[in-house]
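Guided by the hints, dock chain W onto chain B, whose structure is given.
One line per chain: the protein sequences are B and W, in this order.
Sequential numbering of the first sequence, starting at 1, is according to the UniProt record's numbering.
Sequential numbering of the second sequence, starting at 1, is according to the UniProt record's numbering.
Hint data in this document are derived by calculation from the structure and do not stem from the laboratory.
Glycine included, every Cβ here is placed at the ideal spot set by N, Cα and C.
DSS-like mimics (lysine-lysine), calculated; alpha carbons at most 25 Å apart, straight line:
| no. | chain 1 | residue 1 | chain 2 | residue 2 |
| --- | --- | --- | --- | --- |
| 1 | B | K331 | W | K68 |
| 2 | W | K331 | B | K68 |
| 3 | B | K131 | W | K640 |
| 4 | B | K66 | B | K12 |
| 5 | W | K261 | W | K331 |
| 6 | W | K568 | B | K727 |
Which stretches of chain W does chain B cover? Using the computed rule of at least three CB atoms under 8 Å from a CB of chain B, they are:
| no. | region |
| --- | --- |
| 7 | 55-69 |
| 8 | 136-146 |
| 9 | 362-373 |
| 10 | 396-407 |
| 11 | 458-471 |
| 12 | 521-531 |
| 13 | 538-551 |
What follows is each chain in one-letter form.
2 protein chains.
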Amino acid sequence: MIHSDIFQDNPKLSIFLPIYYTLWADSVMTTTESKEVEALIHRQYWLSAEEKEWLFEQFNPSNPPKPKLLKNLRKEIKSIPIEQESLTAIGVALAQKYQSDVSYPQDVMADFEFTEQALGLLGKEASYSFKSGHETITNVQHAEQNFNVSALTALLDGSHAELIHRVKTVISDHAFAFREFESLQDQREQTLLWCQELAKQGFGAWAFPKFADGKDDMEGYFAIMETLSYHDLSMVIKFGVQFGLWGMSIFFLGTEKHHRKYLKDVGSLKLPGCFAMTETGHGSNVRGLETTATYNHEKKTFTIHTPNPDARKEYIGNAALHGQKATVFAKLIIDGEDFGVNAFIVPLRDAEGNLVSGVRIEDCGRKMGLNGVDNGVIYFDQVDIPQEDMLDRFSSVNEAGEFESPISSDNRRFFTMLGTLVGGRIGIPRSALAATKTGLTIAIRHGEKRKQFGPEGGEEAPILNYRMHQRRLMPPLATSYALHFGLRYLTDRFLKRSEEDAQEIEALAAGLKAYTTWFTTATLQECREACGGKGYLSENRIDALKNDTDVYTTFEGDNVVLMQLVAKNRLTEFRQEFSDMNMFTIFNYVTHQAKTSITEKNPLIVRNTDKEHLLDMDFHLSAFRYRERAILTSAARRIKRHIDEGMDSFDAFNVVQHHLLNVGQAYIERIILEEFQAAVKETADEGIKAALTQLCQLFALYTIEKNRGWYLEQGYMEGVKTKAIRKEVNQLCWEVRKNALALTDAFAIPESCIAAPIARRNRGSEGKVFKATDEHR
Amino acid sequence: MIHSDIFQDNPKLSIFLPIYYTLWADSVMTTTESKEVEALIHRQYWLSAEEKEWLFEQFNPSNPPKPKLLKNLRKEIKSIPIEQESLTAIGVALAQKYQSDVSYPQDVMADFEFTEQALGLLGKEASYSFKSGHETITNVQHAEQNFNVSALTALLDGSHAELIHRVKTVISDHAFAFREFESLQDQREQTLLWCQELAKQGFGAWAFPKFADGKDDMEGYFAIMETLSYHDLSMVIKFGVQFGLWGMSIFFLGTEKHHRKYLKDVGSLKLPGCFAMTETGHGSNVRGLETTATYNHEKKTFTIHTPNPDARKEYIGNAALHGQKATVFAKLIIDGEDFGVNAFIVPLRDAEGNLVSGVRIEDCGRKMGLNGVDNGVIYFDQVDIPQEDMLDRFSSVNEAGEFESPISSDNRRFFTMLGTLVGGRIGIPRSALAATKTGLTIAIRHGEKRKQFGPEGGEEAPILNYRMHQRRLMPPLATSYALHFGLRYLTDRFLKRSEEDAQEIEALAAGLKAYTTWFTTATLQECREACGGKGYLSENRIDALKNDTDVYTTFEGDNVVLMQLVAKNRLTEFRQEFSDMNMFTIFNYVTHQAKTSITEKNPLIVRNTDKEHLLDMDFHLSAFRYRERAILTSAARRIKRHIDEGMDSFDAFNVVQHHLLNVGQAYIERIILEEFQAAVKETADEGIKAALTQLCQLFALYTIEKNRGWYLEQGYMEGVKTKAIRKEVNQLCWEVRKNALALTDAFAIPESCIAAPIARRNRGSEGKVFKATDEHR
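Chain B with its partners taken away, still in its complex shape (with noise of 0.2 Å):
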C-alpha cells in the first residue's frame, strides 16, 4: 500500500505520486493505463528492482487504495504551492519538499511527461484538480452594458411612448396583480374584471370615433394591445374579442348608424360581444360558411339559423359567458338565391345574461390555454332579427328586397370584408412577440444567475456562458428585435394602405402573422429547456407565456395556410410585374432567368469567408434577396410545368406546397431584414448602433446558416463559406451575450408583469422599469 510515509522514506519516488493519484482518482483505472504506467516503470534505469515492483503493485488495477489514502494523498499534494503545469513537476516539487536535494536527469523528467500525455492526462488540465481559484474565458464572461437602455427603449417605444407608459402603469397597479386562479370560473370573471378596467381607462375605445369615447387612433390601440401583452394573455385576448375583433366589425363593416348605435357601448364594454365566423365544419376555408340570413320581404328581418351541427360557430369568444351580441357571418338569402357570406348583428343574450330565445350556446371548456376567455359554440333555430342590422359597408337590401353591391362577385365581396378586418393579423404577432420578450427576459435573467459546473477547482460559470445556451437564447434575442421593425413596418403599411396595396399588405400581415407565432411558439419552448425544472414551474410564468400563446399560430389563420395565402399572393405580383408580357413570355423569361442565374454567382464570393464580407450588410441583403427571387421563380416554374404535364391545378399547387412555404418565409425574412437595417442606419448613438449591428448581423447570419442547405444546393455559397457563418454565428451569440441583461431591460417590461421568481433582480429595480419612457418624454 503506498502511503506517504514510505514516500518520505522513500522521496525520490514521490514523482510517481500525482499520476497515481489522478488514475486512481477521476476515471476508471484501464489494463492500457495500466500498461503505460507499467512500461514507464520499467524504462526507470534509476529504480531498484525491489522499488519497481513496489510501484508495479500500486498501479495494478485490482488493487485500488482506501478512499481514505486518497484524500491523504490529496492533501499532501495540495499542501505544496501548485504553480506547475504538469503532474511530473508537481511530483518533483513534492520530492523536494521531503528531501530538498533530490534531482531527476533531464531524459526521466521526459519520459514522464510524455507518459502523461499518452495517458491523455493533459498535465495542465490534471493539475488545475489540485489548485483553488482557476478561471477560464469560459467562467469569467458576465454581462456589460455598452450602450444607454433608456434611449433604447425609447426607440423601440416610438411615437406612442407616453401611451405605453400609460398602460404599464395601469397593468402595474395592484389590481393588476398576477394571482392563481381557484376555477375556471374565477378566472374567467378575473379577466372579465380586468378588461373592464381597462374599458374604463379609455384603452377599448381607442381607435373608436371620437363620438363613440375613442381617440381615433388605430396605431395607439396596436400600442395598446401589444403593450397589455406584457400582462396576462387572457386578458389581451378578450380584450382584443371584444374591442378588435367586435368592435371592429360594426367599425369596418358596418355604416354610420351601426357607429353611432353601438360603439361607444362596445368600448365601455358595457355591450360585451362575439365575432361569429368559425363554423365547426369550417374553420379555414371560411368561404364555404354554411350559417343562412334569410331576408323576409313582410317583416324587413333576416332570420339567422343553423342549418346542421357542421355550421354551428365555435371557438367564438366571449359566447360562453359575457356575449350579449354577435357579428354573425351568414349566406344571405333573398328569395331562394344565395348572395354569399355577409355580416348581421344578432343577440345572443339580454342585458341580465339570459339567453335570447332560439339561441343556444355551449361552453368550449377548458383548453391548453387562454382559460380566462369564455370560448363557446353557438346554434341559432330561426333567430329574427332587423333589417338594419345587416352590416351594409359592402353590401344591403334595398326598398324593394333586392340585393345591392358594388362589388359583382360574392367571393370578391367576401374577401374584401375580410381583407377590412387585417388588423388582426397584426395585432396577434405584435401580442406574440411582446410574450416572447417577456419570456427571454425571464430566460435570460435566469442565465446570468444561475451557475452549473465550472472548470476543475474553478468557480461554476453562469449557464449563460455556456455555447449552447448563447445558441438558444441569442439569435431569438436577435429575431425578436428585428421583428420589432418589421411589425413596425406592417404596421405603418396598414395605417396608411390604398385600395392598390391592400392585397399586397394583407399578404404582408398574413405572413408576418405566421412567422412571428412560429416563432414565439418556438422561442417560448426554448425559454422553458433553458430554465430547466424552474421553467417548468408556474409561477416562472413560462407555462401561461407558452400556453396562451399556443394557439397564435391557429387563430386569426392557420398558419400553414396563411403562409399559402402569402404565396400565392407572391405569384401574382411576380406576374403583375411583367404586365406587359402574357404569360408564354413570363414564362420563357422565367425559364431563361434559371439558366444565367447560376453565372450570376460569383466564384470568389461564393467562397469567400473573410469577417468582413460575412458581416457586410449589403452581402445578407442580397443573400436574402437571392433566396426570395429564386424560391418564387422555381415556383412558378414548377407549377407551370406540373400543368403542363396535364396535372389539376389544384394537384399541382399540392404538389408544391412544401416550396410555397418557403417562398412565403424567404418574402417575409427578406421584409424583416430590410426593415432592420433601415432602422440600424437611422439609428445616431453610437452606442445603440453597434448594439443594433451586432443583433441585425446575428439575425442575418442565423437564418442564413438555418436555410444554408438550400444555399449550399444552389451553388449560392460553398461548404467552406457556410462553415464560417456558422463560426461568426457561435461568435456573434457569444458577442451579444454580454449585453444580453441590456438589452431585455430595453424592453422595459414591467417588473410586476415579469414576475417570476427567477428573473428577480437582485438590485431593486422595481421603480426602474419606466425610467426610459419618463426620460423621453
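For chain W alone, coordinates are given in the frame of chain B:
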C-alpha cells in the same frame, strides 16, 4: 349592361360570355386584363363597330355588373352540359344553344384560346367552376390497409404481449376513466388512488424480488411503465417516483437488509417515498450536492442536514403530500472529513402524514403539467437516522467508524451509484414515445376525417391529403416506429449489461433519452397545430400530452447536458479503439483520415439520384455511419487544436459544444437506423415488411434531409442528390399516408385512453383494440 336577353338576340356574341363571367366573378378585373380583352375585341373582324363598342363597355373595369346579373349568367352557363375544357369552347356551346347553326372560323377560335391563356385563365381550371364533381388526385386519396394490423401489434409488443394486454385492461377500467379535476388537491388524490390500484394489481413490485411480492422482472417493469403512458402521465410519473426512483434506489444502492425491510411496503405503496437527489443549487451538476450526513461515533447515527438554502432538495416527487421516507443523497462527513455523496434512507412523515421533527417541506405548487404529482422542496434540520439506513452497496461505515468502499475515488463511486439508476433514462423515453404515439393517433385520425378546401366544383379534401400536413405527421410516424426498435435495443442492452459495457449503455441511455424526449416535444407540438383549434381544447388530450411530457427533456438529466455526456463518452470510446496507439499517434491518424476521406467520396455516388439508390438501405446506413464518424473525428481534432493553441480544456469543450451535440445526435441516429433496419430484415410477413420498409426509408431519408446542410458542406452529396432526396421524402410521405391510420391502429392504444372526441372512430371499435394481442396469445 350585358343581359342574357341581348345574347339571345345576338347569339354569336356569347363566345365572350364565359370570359366575361370568369373575369368578373373571382378576381379584381385589372387594367391589364381589360386591355387584353380590348385587344381581342379589336381583332374580331366579324363584329360590327357597334357590337365592339358595346363589348368594350362591358369589360370596362369601372362598370361592374350587378351581383344578381352575375348569378344569372352563371346559371345560364351551367344550363348547358359542360364537357369542354376551355372557356372558348363553352362560349361556342352557349352560342349554339341560342342558335344551333352559329359557328366561328378556326382563327377566331385560336385567337380566343390564346387570350384565355394570356389572361392566365387556365381554361380547364376555369371551366371546373361550372362543373360539379371535379375530382383530383389530392381530394380522392384515402386510407388503405396493406398489412395485418394485429400481426404488427404483436410484433411491436414482443414477448411481454400478455402483460401489456393486462395493463391495458386495467387502465381501460371505469375506475381509470379520465375526468376533469376540481383542483390541484383533487388531481393529486386521484393520481394517488390510481397508483394504489396499480400497486394492488402487482405492477408496482414487478421488478422486485419474489420475497417482496415481485416478479423479479425488470423488462416487465419497463413494459408496464410504457403501457401506462397511454393513460394519464401524472399517474405514470408518480408510479415511476414510487416504484422506480424510490424503490429502485433501495434495490440498487441498498443491500439485502434494506430489500427485506422496505421493498414489500414500497411495492404495495404502503410506504410512499421519495428520491431526493436534486438540490436548488445543484441540478445538472449533482457532484456538487451540499446536503450533509455527518457520522456520530457514539450514537452510531448519521445527522442529515441542509447547510444553506441552495442545498435544499427541490422538485422532489411525492414530497409535498404523500412521501413518508426518502432516499437522500448527501455528503458523508466523518470526523470532519468529506467522503463524497452517498445515499441514506431518511424519514419525512409518520404513517399518519405528520412531518418528522427537523423536516420542513414546501409545495412546488402548480406546474406546466404533471399536476397530479406532488413535488416539494425539502429542508433537513439535523435529522438523525440509524446507521443501518445508509444504503451500503457501494460504501459503508465499519464498526470502528471508518469509511469503507471498494471504490477509492469519491467521484467514481458516486458515478457508479448513478450508473445503477440508469433505468430511469430508459423508462422516460419509453413513456415519452407512448405519449407521442397517442398524439399521432389523434392527429392522424383527425387529419383523415377533417376536410377543408378542395378543387373548384369538387369535394373538400381530407387535410391529411395535403403535402404539408403529411410532412408534419408522416416523418414523426416513421420516427416513432424507428424509436420503438431503438428503445427495445436499449432495454435489451441494459438487461444484459456487464461492468465492461456499463459506460457505453449509460451513454446510449442518455442519448436515447435526450433524442426521444426532444422528438416527443416537437411532435406533440406538430400534432397540436395539425389539429387546429380542436387541438387546443383540453378534451382532445394533446394539451395534457404536450404539457405533461414537456419536462421530460429536463428531468432524468437535462438533454443538452446528456448529449454532451454522450459526446464525451464517444470521444473516450474513440480513443479506446486505438488503445495501442498513444495520443500523439491517434491525433496524427485522425488528421490523416480527415485528409483522405475526401477521396473516398465517389463522384458517381455524390450525384446519384436513382430512385433505387436513394431507397437503398445500405446507402442510408453508410451515410449515417459516415456522418457519425466524421463528426466525431472533427470534434476530437478541434478540441486537440484548441488545447494545442493554449486554450483551457474547459473553454475548448465549450467552444465546440454545439458540435458535441451533433456528435451525440449522429451516434444515436446511427443506432436507431441499425436497429430499425435489423427489425425490418427479421420480419417475415410480407405486408408488414413492406410497410416497415417504407417507414424505415422515410426515417432514413428524412434524417438525411434534415442534415443535408452538413452532407453538402462535406461534399458527401451534391445539390442534385439532396434535392432528389427531398422529392423522395415527399413521395414517401404520400405513400405512408395511405397506411397511416392502420399504422396507428397497430399501436393498439386503448380507445378509453385516446379519449379525444376528434379521434373517435366511426365504426364501433371500442372492443377492437385488444384484438391484436388477444390473437397473439
